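Colleague: Construct the complete structure from the given sequences, taking the supplied hints into account.
In order, the protein sequences belong to chains A and B. Using the numbering used here, you'd call the opening residue of the first sequence number 1 and step up by one each time. Using the numbering used here, you'd call the opening residue of the second sequence number 287 and step up by one each time.
For the record, the hints were derived by calculation from the structure and aren't laboratory data. Bear in mind the structure is a predicted one, so any value in this text is a computation, not a measurement. Be aware that a few hints might be false.
[Unchecked claim] DEER-style ranges, computed between Cβ atoms:
(1) 528(B) with 244(A): 47 to 53 Å
(2) 56(A) with 377(B): 37 to 43 Å
(3) 481(B) with 215(A): 40 to 46 Å
(4) 447(B) with 125(A): 57 to 63 Å
(5) 275(A) with 541(B): 20 to 26 Å
(6) 218(A) with 510(B): 39 to 45 Å
(7) 125(A) with 612(B): 54 to 60 Å
(8) 271(A) with 381(B): 53 to 59 Å
(9) 56(A) with 410(B): 49 to 55 Å
(10) 551(B) with 267(A): 45 to 51 Å
Glycine included, every Cβ here is placed at the ideal spot set by N, Cα and C.
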Amino acid sequence: MAAGGRTVLQFSTQSTANLSAKVHPLVIFNICDCYVRRPDQAERVIGTLLGSVLPDGTVDIRNSYAVPHTESAEQVALDIEYHHNMLVSHQKVNPKEVIVGWYSTGLGVTGGSALIHDFYSREVPNPVHLTVDTGFRNGEGTVRAYVSVNLALGDRQLAAQFQEIPLDLRMVEAERVGFDILKTTSVDKLPTDLEGMEVTMQRLLALIDDIYKYVDDVVEGRVAADNSIGRFISDTVAALPKLSPPAFDKLVNDSLQDQLLLLYLSSITRTQLGLAEKLNTAAQIL
Amino acid sequence: MAASSAPRSFLQVAATEEVVSPLRVVQIEGLVILKIIKHCKEFSPALVTGQLLGLDVGSVLEVTNCFPFPIREEDEEIEADGANYQLEMMRCLREVNVDNNTVGWYQSTILGSYQTVELIETFMNYQENIRRCVCIIYDPSRSNQGVLALKALKLSDSFMELYRANSFTGEKLREKNLSWVDIFEEIPIKVSNSALISAFMTELEADTPVTQCDYDRLQLSSNPYMERNMEFLIECMDDLSMEQQKFQYHYRNLSRQQAQQQAWLQKRRAENMARKAAGEEPLPEEDPTNPIFKPIPEPSRLESFLITNQIANYCNQINGVAGQSFNRLYLMKALHDN
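Modeller: Right, dumping it as C-alpha cells:
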C-alpha cells in the first residue's frame with residue numbers, strides 16, 4: 001500500500017535466523033600455521049574452508065587450506081587455479097568435504113573482503129566468512145563467523161552486509177585425548193596409559209575433595225545452602241549400586257582374577273617367545 | 287709435513303662422508319597430530335596412510351606438516367594418479383611456505399597389528415631416497431580407552447643391511463647378534479606447538495577440571511577390547527606354530543640328507559678300496575651331480591620374526607590394559623567401602 005514515493009529497506013533475516021557454524025580445532029591450527037608461515041610482505045592470510053552442511057542447517061567446518069593472494073590498497077587478487085587444484089586434491093581423499101566458505105586473519109571485515117566473498121559465493125550458495133584475529137587486538141584471540149546478507153532497497157540491491165552468526169568450537173573425542181598436549185608449547189614425551197590414569201585419578205580426587213569441602217562449609221553454615229546442588233550430590237552418591245558387601249567383593253574379585261589370568265597368559269606367551277627364539281637361532285647343523 | 291696443517295681442499299671436504307648422528311627424538315607439531323587423528327578416525331576401520339613433511343636437523347627429526355593419501359584401488363592407471371597427487375600436493379604446499387621435505391609416512395592400524403612385510407618394504411623404498419625416515423603408527427581403537435596411541439618407528443640399521451642382502455639364515459643372524467627385538471626401533475616423540483597456537487587453544491578451550499577422556503579412562507568395561515586382543519594373539523600363535531613346523535620339516539630334511547650323504551660316501555669309499563685293490567683309478571669322493579648333495583635352502587626367518595614382534599606387541603597391550611583395569615577395580619573397591 002506504499003505509494004510510489006516510499007520504499008522500504010528490507011533485511012532478509014529468515015535465512016540467517018537459525019544458521020550457526022561449528023569449527024573443528026584443526027581448522028584453527030591450520031590457519032595459525034599458515035599465518036606463521038606467510039610470506040613477509042603479506043599482512044594477512046586468506047584461504048578456503050572445507051566441510052559440510054548438516055541437515056539442521058549448521059555449517060560444519062572441518063578442514064582448510066591457504067590460498068596465495070596479493071593485496072594492495074585498491075585491489076585483491078586470489079590465485080584461483082591454486083584454489084581449484086587444492087580442492088581437487090583434497091576431494092580425492094575425502095569427497096564429502098566441499099567448500100563452505102573462506103577465512104582470513106585479522107579482526108573485522110575490510111573492503112577487499114567483500115570482493116573475495118563475492119567470488120566465493122559464486123562457488124557456494126551461502127559462504128561463511130571466518131575471521132581469526134591473530135593480532136590479539138582485543139586482548140584475546142577472537143574467532144568470528146559471518147554470512148553476507150543482501151540489503152535491498154525496494155527492488156534494487158544496495159550492498160551486502162556481513163552479519164555475525166554464532167560459532168561453536170567442537171571437538172571429536174579422540175582429539176580431546178591429546179588436547180592437553182596441544183595446549184602447551186612443548187611436551188617432552190607422550191604420556192603412557194598409566195600416567196594418564198594417574199592424572200585422571202588425581203582429578204577425581206580433587207573433585208571429591210571439593211565436594212567434601214563444600215558440604216562441610218554448608219553444614220557449618222559458612223556457605224548458603226543451595227538445594228539443587230544438594231540434591232545433585234545426593235543423587236550422585238545414591239548412584240553407587242547398592243550391593244551387599246559379599247556380592248560386591250565377589251564381583252571385584254572375579255574381575256581381578258580375570259585380569260590376572262590374562263596377565264599370566266601374556267607372560268607365558270612372552271617366555272615362550274624368548275625360548276623359541278633361542279632355539280631357532282641357536283640350533284646348529286651338525 | 288704440511289699436509290695436516292694445510293687447509294683442506296674442497297675436494298677433500300666433499301669427499302669425507304658426514305657422520306650421521308643417530309636419531310634420538312621425533313618432534314611433531316600439534317597440527318600434524320590433529321590431522322593424523324582426524325584422518326585415521328574418519329576412515330576407521332579401514333586402514334589409511336599419508337605422507338609426513340618436515341625437516342631433518344641433527345639428532346631430531348622435525349615433522350611439521352602432513353597430508354593424507356587417497357584410498358587407492360588396485361589399478362594400474364591409478365598408480366600414476368597417486369604419484370601425480372603427491373607431486374601436486376607437494377607443489378601446492380611449497381607455495382604457501384610449508385616444508386617440502388618428505389621425512390616419512392604415517393599409517394593407521396587396528397589393535398597394533400602393523401608388523402607386516404609390506405611395512406618393511408615401504409621402509410626400504412623410502413630409505414633409498416631419504417637418509418632418515420620414520421613411520422608413525424596411530425591406533426584409533428585405543429582412543430576409546432583414553433590413550434593417545436601414537437608411535438614412531440624406524441628400522442634398525444643392522445636389520446636393513448641384512449634385508450638388502452636378503453639372507454635370513456640362522457648363522458647370519460647369530461653373527462650379527464640380531465633377534466626379533468632388533469627389527470624395529472621405537473623413537474620417543476616430542477610435541478611442540480607454536481606460541482600462537484597455544485595461546486589460541488588455551489583461550490578457546492579453558493582448562494576444565496574434568497575432560498571427556500577422563501570419563502573414558504574411568505570406564506569399567508574393557509572386556510571387548512581384551513577379547514579382541516586375545517583373539518588376535520591366538521591367531522598369531524597359530525601362525526607362529528606353523529612357521530616353526532616349517533623349520534622342523536627343514537631340519538628333518540637336512541638331517542635325512544646328511545644321512546644319505548654319509549651312506550653314499552661310505553659306499554664310494556668301499557668302491558675305492560675295491561678299485562685300489564684291483565689297481566684302478568679311485569673315483570672322486572664327491573659327486574656334485576648326485577641329487578642328494580644339493581643344498582636345501584633354509585626357510586627365511588623373516589616371517590617368524592615379524593609374527594614374534596606382533597605377539598610381543600599384543601602382550602604389551604594386554605599388560606597395559608590389565609594394569610589400568612587393576613587401578614579401576616581397586617578404585618571401585620575403595621569408593622564402595624567409603
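Colleague: Which of the stated hints cannot be reconciled with the structure, identified by number in ascending sequence?
Modeller: none
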